[in-house]
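**Q** These protein sequences, in sequence, are chains A and B. Residue 129 in our numbering sits at position 129 of the first sequence, with consecutive numbering throughout. Residue 54 in our numbering sits at position 54 of the second sequence, with consecutive numbering throughout.
Hint data in this document are derived by calculation from the structure and do not stem from the laboratory. The beta carbon of each residue, even a glycine, is placed where N, CA and C say it ideally should be. Be careful, since some hints might not be right.
[Said to hold, decoys possible] Under the rule of at most 30 Å between Cα atoms (straight-line distance), these lysine-lysine pairs were calculated in the DSS-like manner: (1) 43/B with 92/A; (2) 5/B with 8/A; (3) 10/A with 47/B; (4) 8/A with 71/B; (5) 71/B with 47/B.
[What the hints assert, rightly or not] Below, a sample of chain A positions facing chain B; criterion: calculated Cβ distance under 7 Å: (6) 6; (7) 7; (8) 9; (9) 81; (10) 83; (11) 91; (12) 93; (13) 95; (14) 150; (15) 151.
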Amino acid sequence: MKNSGNPKEKMLAVLLILLILGVVMGAILSKASLSYVERQARRQGRLDSSIVRGVWNAFVGMYTLGTIIICMNLMLLLGLLGAYIQSYRRTKSSFLLGLIMFLGVLVAQSLLSLPILHVSVGTVLYRSNIFTILPNLFETIALIILFYLSME
Amino acid sequence: MHAVKRLLWWLLAGSVGGFNRGRILEVLLRNPSNAHELSQVLKLDYKTVRHHIEVLEKNRLITSMGADYGKVYFPSDLLEEHVDYFNEIWGKIGKKEIRRK
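Just chain A, same shape as in the assembly (with noise of 0.2 Å):
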């Protein structure tokens, strides 16, 4: 069971891979649920006015930026999850069997905090301004901290 390469270094490329792949499900998620809201706004002809296509393009902006942030933190939950789950099967652990239910928790809070959600229970709820990104970007930073301690 020989190790090779620098521990350090594996843990920041796993970071960065589930950053990247958070990011990528993110646009994409984003891009096919706004392409179909926009199409049936255009069908229905309420992206008129410029006004409305100010307030759409902002709120466009945010949705965004919003999925991509979420999404980073479910990549960094889920790959969190592997090394507790792996962990849990080899040491039978009460304390890592907490440690996955808290992660689990967390799964679900981001799934429910995804714009996607709130845009389909009615877009009124769906605040598309920075204070309705701004905790999940701190839940990043936190996640980002604990998976720097769990893979050390």
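Since the structure of chain A is already known, use the hints to place chain B on it.
**A** Below, chain B alone, put in the same frame as chain A:
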């Protein structure tokens, strides 16, 4: 939960390299060694050993004497004082890991 017990749970079970850290502590509790000796005894890559030593040292579980490559590592007073916690946790997780391998 006692602070040192929580720290040991985290460093041995809560993070990915925990099992190898447990093996390093197990060796050092029996016999203080340098990084090269540890990598030979545990059949681990030298860089991996150095990484785990760094983590254990910055968490004050081991201390060192000497300089550079000859630096000898041994259990800190903190670990010696709470060695029962280490044995308890390592007894739960270490044996299962070894049986699996």
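**Q** Find the hints from earlier in the document that the structure breaks and name them by number, from lowest to highest.
**A** As far as the earlier hints go, 8, 9 are violated by this structure, in ascending order.
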